[in-house]
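Each chain, written out:
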Amino acid sequence: LGKKIIDAELLEELEELLITADMGVETSLGLIEAVRDKVKRKELTDPARLKTHLKAEMLTLLTGVAVPPLHPGKPHVVMVIGVNGVGKTTTIAKLAHHDLEQGEKVLLVAADTFRAAAIEQLEIWGQRAGAAVIKQKTGSDPAAVVFDGLAAALARRVDKVYIDTAGRLHTKVNLMEELKKVARTAAKQIEGAPHEVLLVLDATTGQNAINQARLFHEAIGVTGIIMTKLDGTAKGGVALGVVQETGLPLQFIGVGEQMDDLRPFEPEAYLEAILG
Amino acid sequence: MFDRLSDKLGKVFKKLKGHGKLTEANIQEALREVRLALLEADVHYKVAKTFIDRIRERALGQEVMTSLTPGQQVVKIVHDELAALLGGEAPRLELGGKTPVALMLVGLQGSGKTTTAAKLALYLKKQGRQPLLAPVDTQRPAAIEQLHRLGAEIGVDVYRSQPQQNPVALASEAMAAAVAKGHDVLLLDTAGRLHVDAPLMAELQAIKADVGPAEILLVADAMTGQDAVAVAQNFHEALDLTGVILTKVEGDARGGAALSMRTVVNKPIKFLGVGEKLDALEVFHPDRLASRILGM
Ligand SMILES: Nc1nc2c(ncn2[C@@H]2O[C@H](COP(=O)(O)OP(=O)(O)OP(=O)(O)O)[C@@H](O)[C@H]2O)c(=O)[nH]1
Ligand SMILES: Nc1nc2c(ncn2[C@@H]2O[C@H](COP(=O)(O)OP(=O)(O)OP(=O)(O)O)[C@@H](O)[C@H]2O)c(=O)[nH]1
Ligand SMILES: [K+]
Ligand SMILES: [Mg+2]
Ligand SMILES: [Mg+2]
Chain A
1 LGKKIIDAEL
11 LEELEELLIT
21 ADMGVETSLG
31 LIEAVRDKVK
41 RKELTDPARL
51 KTHLKAEMLT
61 LLTGVAVPPL
71 HPGKPHVVMV
81 IGVNGVGKTT
91 TIAKLAHHDL
101 EQGEKVLLVA
111 ADTFRAAAIE
121 QLEIWGQRAG
131 AAVIKQKTGS
141 DPAAVVFDGL
151 AAALARRVDK
161 VYIDTAGRLH
171 TKVNLMEELK
181 KVARTAAKQI
191 EGAPHEVLLV
201 LDATTGQNAI
211 NQARLFHEAI
221 GVTGIIMTKL
231 DGTAKGGVAL
241 GVVQETGLPL
251 QFIGVGEQMD
261 DLRPFEPEAY
271 LEAILG
Chain B
1 MFDRLSDKLG
11 KVFKKLKGHG
21 KLTEANIQEA
31 LREVRLALLE
41 ADVHYKVAKT
51 FIDRIRERAL
61 GQEVMTSLTP
71 GQQVVKIVHD
81 ELAALLGGEA
91 PRLELGGKTP
101 VALMLVGLQG
111 SGKTTTAAKL
121 ALYLKKQGRQ
131 PLLAPVDTQR
141 PAAIEQLHRL
151 GAEIGVDVYR
161 SQPQQNPVAL
171 ASEAMAAAVA
181 KGHDVLLLDT
191 AGRLHVDAPL
201 MAELQAIKAD
211 VGPAEILLVA
221 DAMTGQDAVA
231 VAQNFHEALD
241 LTGVILTKVE
251 GDARGGAALS
261 MRTVVNKPIK
271 FLGVGEKLDA
281 LEVFHPDRLA
291 SRILGM
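Protein sequence lines, in the order shown, are assigned to chains A and B.
Take this note's numbering: the final residue in the first sequence is number 276, and no numbers are missing along the way.
Take this note's numbering: the final residue in the second sequence is number 296, and no numbers are missing along the way.
These aren't lab readings, by the way, just hints derived from the structure by calculation.
A hint or two may mislead.
When the alpha-carbon atoms are kept at most 20 Å apart in a straight line, the in silico PhoX-like pairs for lysine-lysine are as follows [as the list claims (entries may be wrong)]:
no.	chain 1	residue 1	chain 2	residue 2
1	A	172	B	277
2	A	74	A	38
3	B	98	B	11
4	A	38	A	51
5	B	277	A	137
6	B	125	B	277
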């Protein structure tokens, strides 16, 4: 974007930049339309200021978000949900690792009883991080595992519980019902549980992430979003649309496959990566 | 959602009723709507542009200009061209040549490689083949166990890989085991990796050189966005892919990434994954995917 004036060509370059970052037609064209107006009214003339201007606009889109009040609970129960393969189990390992380093006592609950070797995968992560894992057999009722898990959490006086759930497409009504049942089971056992419901989105996902966020939020009531796989070339620009649609905050990002590859979400850096 | 593009185009052309004849500008406006529909469906920016350039001439042709229903005409042209681009050669697995024939599955993390390996094994078993599944993912925790469980479920042998082994050596050993045990197909399930991870991409090249697979299939998530082009490009450059398998297609993603990848790789989309169960594998219909991308 190293131009003398803001002309149609520059705006088209900008359009390409925003769309290829997965920001979607609506958000991208909305931003560009606003720039076009400002240029017409001579409020914006210098191409060098264009980036700063856009960044500020995008920042307001990201931060007009009300963070839902956290119901403190002991143990603090966190449920992790999302579609297949986005990185839920790995993210739990990262979150647990983070908490353990803060000196908290953490328990993991293997409520993905469906996918082959999902329990073993969580167990290995539990060993690496140093957190106990509560499990049952493959194929058992996830709500029953959660019941066991929370009973153990109370008995062992842990600080944090992470519930790993099976990946499911947001369009599968019966599987969404199953998730609701898991949440209800938790609520019966510990007041206010699950205290957090984290939705994991994959940065390589395009506009479908908006549907994912909307339907998971409608069904379960999500409290925050984690975007994984931002270590690749995908920019994860759909997050702007997700935040607009749901009003939910982005809390963490995943930047690799190891336990310490989790970062707090920093809007400035994220937007910098999109605008280059 | 149903027929949204048709509705929009209908509106574009309705505005001109009374003006009499359609003009080039009218068609341009219609093409703009088509382009936006493609972008909303996650077709890559540049791919959408090239596609519009390609259909412009036909859209400007007599059949549209003189039609009583220009909106429907444009939709039909777009749909047909899209299906043609998505289709092409007959999407069958290449299983000729010396047995055991090796098939290799590659792709980003979590795209569905392991599940798809098992699905293909079941599909081949039903055709009377004797496949051997080989886990060469020593990276993801319990990846080997995952494939063993899936193999047991469908009654297909799984090679006894050990997580501390080197993936390249593992692939060769699995091939030797396939020969020794009389299997006719070897299915290699590789670890998920980023297309920009040079050492891991080189590892795939080494496996390819050692095993000489007849098919190297990119397994990609139907929900993928604009990154599909970079992913397909890098995997194709490194490995010379023979085809693409699209997973998680049973959801509500519009699947525009398929067009992006098809354009870059220029090799057929061979199968669709339509569920987590191991029989949830379908052959690909370009027609249906074209309708879906257009939101029809
Ligand atoms: N590059 C990269 N890979 C990641 C990241 N997070 C997770 N992964 C990888 O993505 C793949 C899927 O991760 P999982 O944690 O198993 O995903 P999941 O959502 O639990 O999957 P299901 O339980 O099958 O739905 C694994 O290969 C992970 O190593 C990330 O931030 N960056
Ligand atoms: N809904 C749906 N889920 C699928 C499909 N194919 C695979 N999955 C799910 O997607 C998730 C990831 O699948 P895997 O087969 O483990 O993916 P992978 O590419 O081997 O993952 P890594 O080895 O970690 O890179 C699992 O939850 C699968 O059950 C599909 O067609 N539809
Ligand atoms: K994915
Ligand atoms: Mg998982
Ligand atoms: Mg795998």
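Now the hints, each set against the structure:
1. A/172 to B/277: OK: residue 172 of chain A and residue 277 of chain B at ~14 Å, within 20 Å.
2. A/74 to A/38: violated, 51 Å
3. B/98 to B/11: Given that 20 Å is the threshold and the Cα spacing comes to 58 Å, the pair is violated.
4. A/38 to A/51: Holds, at roughly 14 Å.
5. B/277 to A/137: holds, 19 Å
6. B/125 to B/277: Status holds; Cα separation ~16 Å.
Going down the numbered hints, you'll see the structure goes against 2 and 3, while the others check out.
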